[in-house]
Every structure is written in C-alpha cells, then in structure tokens.
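Student: The lines below spell out each chain.
Number of protein chains: 2
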Amino acid sequence: MPERGDHDIGTINSILDEALICHVGFVTEDGYPVVIPTIHARNGNTLYLHGSPASRMLRSLKGGAEVCVTVTIVDGLVLARSVFHHSMNYRSVVVFGRPREVNDQEEKLRALEAVTEHVAHGRWTDARRPNESELKGTTVLAVDLDEASAKMRSGPPGDDDEDYELPVWAGIVPVATTYGAPVDDPRLRRGIEPPGYATDYQR
Amino acid sequence: MPERGDHDIGTINSILDEALICHVGFVTEDGYPVVIPTIHARNGNTLYLHGSPASRMLRSLKGGAEVCVTVTIVDGLVLARSVFHHSMNYRSVVVFGRPREVNDQEEKLRALEAVTEHVAHGRWTDARRPNESELKGTTVLAVDLDEASAKMRSGPPGDDDEDYELPVWAGIVPVATTYGAPVDDPRLRRGIEPPGYATDYQR
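Residue numbers (numbering that gives the first Met the number 0), protein chains in the order written: chain W, 0 to 202; chain S, 0 to 202.
Check the hints yourself; a few may be wrong.
Copies of one chain are not kept apart here, so a pair can be met inside one copy or by any two copies together.
Below, a list of computed lysine-lysine pairs in the BS3-like style, where the Cα atoms sit at most 30 Å apart [what the hints assert, rightly or not]:
1) K150 to K135
2) K150 to K61
3) K61 to K135
Since the hints were derived computationally from the structure, they do not count as laboratory data.
Generate coordinates for the entire structure from the input sequences, incorporating the hints supplied.
Tutor: Here you go:
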C-alpha cells in the first residue's frame, strides 16, 4: 500500500517546514470542535503558534486545552480507473499536544523570528522588529513535537486487477503551490526593490 | 480593516468549490481534538465527506458527534514593513454541524459523483462507477451548510503610519495552486490519451 504512517523526525520536520500554514483544532468549553487556519513555525522540537490575545483560539489554548495541529501538502490528484480507487498524493503531519504560553521575552522574540522566517527566509533581518507593546499584543504558544506523526501517499493509482483492461485514462495530475512575482505595496517608497526572497520565493 | 467575516452564501459556496481539500475537526470520546485532511464536495446546501468505514474520523462522526470543517485557500504572503503587521491574503470557510450518515443508495451515489466531480470535472463520466460492494465499503456523511461562514483578507499590507518611511520593501507575494502536465499510470493501456480535464486542469 502506498499510504502509510511515518514517524521519522526528519520527515516530520521537513513537512512542517515546507507547509506554509497549518490547521489548528481545539475543543471549546462547551465541547465543540473548532478548526482554524494559521501560520506555524518550528524551532527544533517545538512548534510555535501566535496571534492576537483576543483570538478565541489562543484564549482557549493558553488555558491548557489540548490541541491538534495538522499540516497538509497536496502533491497530486490520483485518477484511478475506478471511482473507488481515486485518491490524493500528499504529505501530512498531525501534532497532538498541550500548548504552553511563551512568556519569556527572549523565547517570544525567537518564536516570532521563527514564524517570520518560516514565511519568508530573510525577512526578520529586513523588517522592523516587534517593539514592547507589539510583543505584549501578541500571544505565542509552544507545542512540543513529541506527539507528532506523518502520513503520506505517493505513486500511481492502485486499481483492481480486472480494471486495468478498461479503456479509461489513469495517472497523476501533479499539484504544486507556486509563488508569483512580488507586487509592490502602492505606498512603497520610490527606489526600493523587492528582496531576493520575494522575487525568487522558495520553501 | 481588510480582514472580515462574510456570510454571503455565494462566497461561501465558491470557496468550498475551489478548495481541493478540507480539514475536518472532531472531538474523540475522551475529549481530544483531532484534525484530519480529506476531500469534500458540495451539492446545493450540503457538504459531503466520505471514506472507509474503518476510519476513526467517520466512525466518530457517524455516531452524531459535532464536526467543524474548514477550508482555506492562500492567495498571498503579506510582507509589511513591520514584523507585527505581516499577514496572509486568504479565503476560508468554517462549517459547523452534526453530520448524518447517508444510507440512501441514490443519495450516496450522487454524493460520490459530487466528490469525483469536485476532484476532476468530467471524471464521473469516464471512470468505472462504484459497484455494490464498493458502495457498502464507503461511508458517506452529509453536513448541512446552514452554519457556514467565510473569512478573508485581500489587498496590500497595512503598516503603522510612521513605518511607511522605513527603507523596507513591502508588498504581496502571490500564492497559487498549480496543476502540472498529467503523468500516465505506468500500467496505462497503449493508445489512451489523458482527458482534457487532466491536461487543462482547472478549478
């Protein structure tokens, strides 16, 4: 079977780093599931999430609630001869944990650096860094990666033996995330060119 | 503020239809949140999910548990002059509901048609349709779209007034999902060409 779980830490880390965003799941006080998209970043064995102190997600989670953070990279559509065997090629990571709020100013800055660099490598050096009131106005949570696992599928469709004779095209449509030419802010000061990490964006 | 909620049904439907996959959140029996990526499809005011009867997600949900289904399309990286105002341009939909299991054979077939057509428009006509044992081997859940809402951000960064003077490039790096040239299954019968929905894939 091409679909399988994989707990190799190198695989897990590379998927977390390549994925631009994650989906964060938590349970509300009255027991409802909520799933919110947000940006994550990894530093060693720690996954960082951040946001406004007013965010319901961060308020729920900094109270010590359990979290499930899932990232998914879609690599292809798997078009089999039978509807039943259609599938996706993908790489995903699921992280379970109980976040802790990051209050140490130095760790908080390092976490925001990791998030900024996760979005665009080199941006932390260029952009104005958070001042004291912005730091206060940002909640940062850390989730341990001890309970992380990866799952993925790759390769061609797997059809039933008798279906290989059908006159139906089968194969993969590759899927990728692509990054276009940077668009200047209309209020950009004259003479400032976009940096290399924006003109030649890579993950 | 460019970020806002939007409950217009046309907007919600177009985001659900464009997004290839969703992230499904549910709460386990012992109270833990779980978030799993999967393919969804919309038919009118109903969102369909499907999978193996052995899947933990489907077993939890068909028992009547609450679900949160979130889809997210990332449109751009918003690089502001300050780290604090970095953001993403995106369109997302969050659906809350209590799924019902689809047992009616006709609705089940229509749901699987919707899922197949969601992945590749035209595929239901070409591929071998589910037989009786495959239908039995597929669980289909329906979620009402009555409790769906959209949220999105677009446009340039919004920096603090005093930061517009900084010598820092600011703007958008556009993000898109792209679909490559189809790759034939190595076991494809000779003389079968990929269909138009694969060579010229569009969502």
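Student: Hint by hint, say whether it matches the structure.
Tutor: Outcome of the hint check:
When the C-alpha separation of K150 and K135 is checked against a cutoff of 30 Å, the pair qualifies only between copies, where the shortest distance is 26 Å, while the shortest distance within a copy is 37 Å. In this assembly of identical chains, the alpha carbons of K150 and K61 lie at most 30 Å apart whether taken from the same copy (28 Å) or from different copies (23 Å). In this assembly of identical chains, K61 and K135 lie within 30 Å of each other by CA distance solely inside one copy; the values are 15 Å within and 43 Å between copies.
Checked against the numbered hints above, the structure violates none of them.
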